[in-house]
Amino acid sequence: MKQLLGYFTKRVIAGLLVIIPIYLAILVLLKGMKSLGQLVRPFTNILPDWLPAEQLLSLILVLLICFVIGAALRTRLGQSARERVEKGLFERIPGYGLFRSLTQQVAGDSRQTVWKPALVEIEDALVPAFIIEVFEDGRYTIFVPSVPTPLAGAVYILEASRVHPLDVSFTDAFKVISKWGSGAKDLVAAMENAKPRLDPAVTTHKVDSIP
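When the count follows the numbering used here, it moves up by one through the sequence shown with no breaks and lands on 257 for the last residue.
Just so you know, the hints here were simulated from the structure itself, not pulled from any lab data.
You may find that some hints are simply not true.
Dumping the calculated SDA-like pairs for lysine to any residue here, alpha-carbon to alpha-carbon at most 20 Å [stated by the list, open to error]:
{"#": "1", "residue 1": "K77", "residue 2": "G116"}
{"#": "2", "residue 1": "K221", "residue 2": "I68"}
{"#": "3", "residue 1": "K221", "residue 2": "V193"}
{"#": "4", "residue 1": "K77", "residue 2": "R87"}
{"#": "5", "residue 1": "K221", "residue 2": "A198"}
{"#": "6", "residue 1": "K221", "residue 2": "M237"}
{"#": "7", "residue 1": "K221", "residue 2": "H210"}
{"#": "8", "residue 1": "K80", "residue 2": "F113"}
{"#": "9", "residue 1": "K221", "residue 2": "P191"}
{"#": "10", "residue 1": "K225", "residue 2": "I65"}
{"#": "11", "residue 1": "K221", "residue 2": "L172"}
{"#": "12", "residue 1": "K80", "residue 2": "L110"}
{"#": "13", "residue 1": "K80", "residue 2": "I111"}
{"#": "14", "residue 1": "K80", "residue 2": "A99"}
{"#": "15", "residue 1": "K77", "residue 2": "L107"}
{"#": "16", "residue 1": "K225", "residue 2": "A200"}
{"#": "17", "residue 1": "K77", "residue 2": "L110"}
{"#": "18", "residue 1": "K77", "residue 2": "V114"}
{"#": "19", "residue 1": "K231", "residue 2": "I168"}
{"#": "20", "residue 1": "K77", "residue 2": "L109"}
{"#": "21", "residue 1": "K231", "residue 2": "E167"}
{"#": "22", "residue 1": "K225", "residue 2": "S192"}
{"#": "23", "residue 1": "K225", "residue 2": "G199"}
{"#": "24", "residue 1": "K221", "residue 2": "I65"}
{"#": "25", "residue 1": "K80", "residue 2": "L107"}
{"#": "26", "residue 1": "K80", "residue 2": "E100"}
{"#": "27", "residue 1": "K221", "residue 2": "T195"}
{"#": "28", "residue 1": "K80", "residue 2": "N91"}
Quick list of the computed label-pair ranges, beta carbon to beta carbon [claimed, not checked]:
{"#": "29", "residue 1": "N239", "residue 2": "T187", "range": "23 to 33 Å"}
{"#": "30", "residue 1": "K80", "residue 2": "E167", "range": "49 to 59 Å"}
{"#": "31", "residue 1": "A235", "residue 2": "W96", "range": "50 to 60 Å"}
{"#": "32", "residue 1": "E129", "residue 2": "L109", "range": "21 to 31 Å"}
{"#": "33", "residue 1": "P98", "residue 2": "Q125", "range": "32 to 42 Å"}
{"#": "34", "residue 1": "L119", "residue 2": "T217", "range": "12 to 22 Å"}
Note that CB positions come from ideal geometry on N, CA and C, so glycine has one too.
Please work from the sequences and hints to get the whole structure.
See below:
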């Protein structure tokens, strides 16, 4: 009974970690649309009566505001302002930095080193995982997700020789885990392609030069 309760609790938490960000995003979107309703109301007459003009225009305006903010954050001034706000306010919130990196990975920011996909050596197996942080001595903090709920799992600290970072997107690695390992061959191929290969000509030359 205790094991069943623990299993149920872990799965509920994993589901909440997926649902809560989506719920909050929708809540903020609806709140923003409601706040902008009065602003777009004078323009509703240009649309047909059968169309929910106020809601539609509010949604478009909210999306445009999000686009402008996102584009501004890509500039040097925007990045500087964001860093000041994050350091002064958001980074004091426990777990903010980690989940920020996660969302940036999902958005395709290849510069992020947190939540970088990897294959790690655990016992005699290669295990899909994500790099959470890198120690000064070269070791890694690794998160090994469970299947098929990638946001729940176990944390390991491994030597660099047992960690193989992959040049694949976060979403590709996430899909492999959520699909019970289907597509893992692509992760292995990415790891093998990243390994340095000896030039056959150089190897032959070295062998021939031995007296």
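Verification of the hints:
The hinted pair formed by K77 and G116 meets the criterion: a straight-line CA distance of about 19 Å does not exceed 20 Å. Our distance criterion of 20 Å between C-alpha atoms is met by K221 and I68, whose separation comes to about 18 Å. At roughly 11 Å between alpha-carbon atoms, K221 and V193 fall within 20 Å of each other, so this suggested pair holds. A threshold of 20 Å between alpha carbons decides the hint, and for K77 with R87 the separation of about 16 Å falls inside it, so the pair holds.
Taking the CA atoms of K221 and A198, the gap is near 15 Å; set against the 20 Å cutoff, the hint holds. About 17 Å separates the Cα atoms of K221 and M237, which keeps this hinted pair within 20 Å; it holds. Taken as a hint, the K221 and H210 pair is honoured in the structure, with Cα atoms around 19 Å apart against an allowance of 20 Å. In summary, the hint linking K80 to F113 is supported, as the alpha carbons are separated by about 18 Å, within the 20 Å threshold.
With a C-alpha separation of about 12 Å, the suggested pairing of K221 with P191 holds against the 20 Å cut-off. Distance hint between K225 and I65 is fulfilled; the C-alpha atoms sit about 19 Å from each other, no more than 20 Å. Between K221 and L172, the direct Cα distance comes to roughly 17 Å. Compliance with the 20 Å bound is thereby established for this hinted pair. Taking the CA atoms of K80 and L110, the gap is near 15 Å; set against the 20 Å cutoff, the hint holds.
Pair hint K80 plus I111 holds up; C-alpha atoms about 14 Å apart against a cutoff of 20 Å. Of the pairs offered as hints, the one joining K80 and A99 holds, with about 13 Å between alpha carbons and a cut-off of 20 Å not exceeded. A C-alpha spacing of about 13 Å is found between K77 and L107, which places the hinted pair at or below 20 Å, so the restraint holds. Restraint check for K225 and A200: the C-alpha separation of about 19 Å stays at or below 20 Å, so the hint holds.
Proximity of K77 to L110 is assessed by CA-CA distance (about 15 Å); at most 20 Å being required, the pair is judged to hold. Taking the CA atoms of K77 and V114, the gap is near 18 Å; set against the 20 Å cutoff, the hint holds. Restraint check: the Cα-Cα separation between K231 and I168 comes to about 18 Å, which is no more than 20 Å; the hinted pair holds. A C-alpha spacing of about 13 Å is found between K77 and L109, which places the hinted pair at or below 20 Å, so the restraint holds.
Between the alpha carbons of K231 and E167 the distance comes to roughly 16 Å, so the proposed pair stays at or under 20 Å and holds. Annotation: proposed proximity of K225 to S192 holds, straight-line Cα distance about 11 Å (limit 20 Å). Restraint check for K225 and G199: the C-alpha separation of about 16 Å stays at or below 20 Å, so the hint holds. Our distance criterion of 20 Å between C-alpha atoms is met by K221 and I65, whose separation comes to about 17 Å.
As the CA atoms of K80 and L107 are separated by approximately 11 Å, the hinted pair is consistent with the 20 Å bound. Of the pairs offered as hints, the one joining K80 and E100 holds, with about 9 Å between alpha carbons and a cut-off of 20 Å not exceeded. For the given pair, K221 sits about 11 Å from T195 by alpha-carbon distance, which is consistent with the 20 Å threshold. The straight-line distance between the Cα atoms of K80 and N91 is roughly 18 Å, inside the 20 Å bound, and the hint therefore holds.
Checked against the given bound of 23 to 33 Å, the beta carbons of N239 and T187, roughly 25 Å apart, stay inside it. For K80 and E167, the Cβ-Cβ distance of about 52 Å falls inside the hinted range of 49 to 59 Å, so the restraint holds. In this structure the supplied range 50 to 60 Å holds for A235 paired with W96, their Cβ-Cβ distance being about 53 Å. For the pair E129 and L109, the beta carbons lie near 25 Å from each other, so the given range of 21 to 31 Å is met.
Range check, P98 to Q125: Cβ separation about 37 Å, and the 32 to 42 Å hint holds. Distance hint check for L119 and T217: the Cβ-Cβ separation is about 21 Å, which falls inside the suggested range of 12 to 22 Å.
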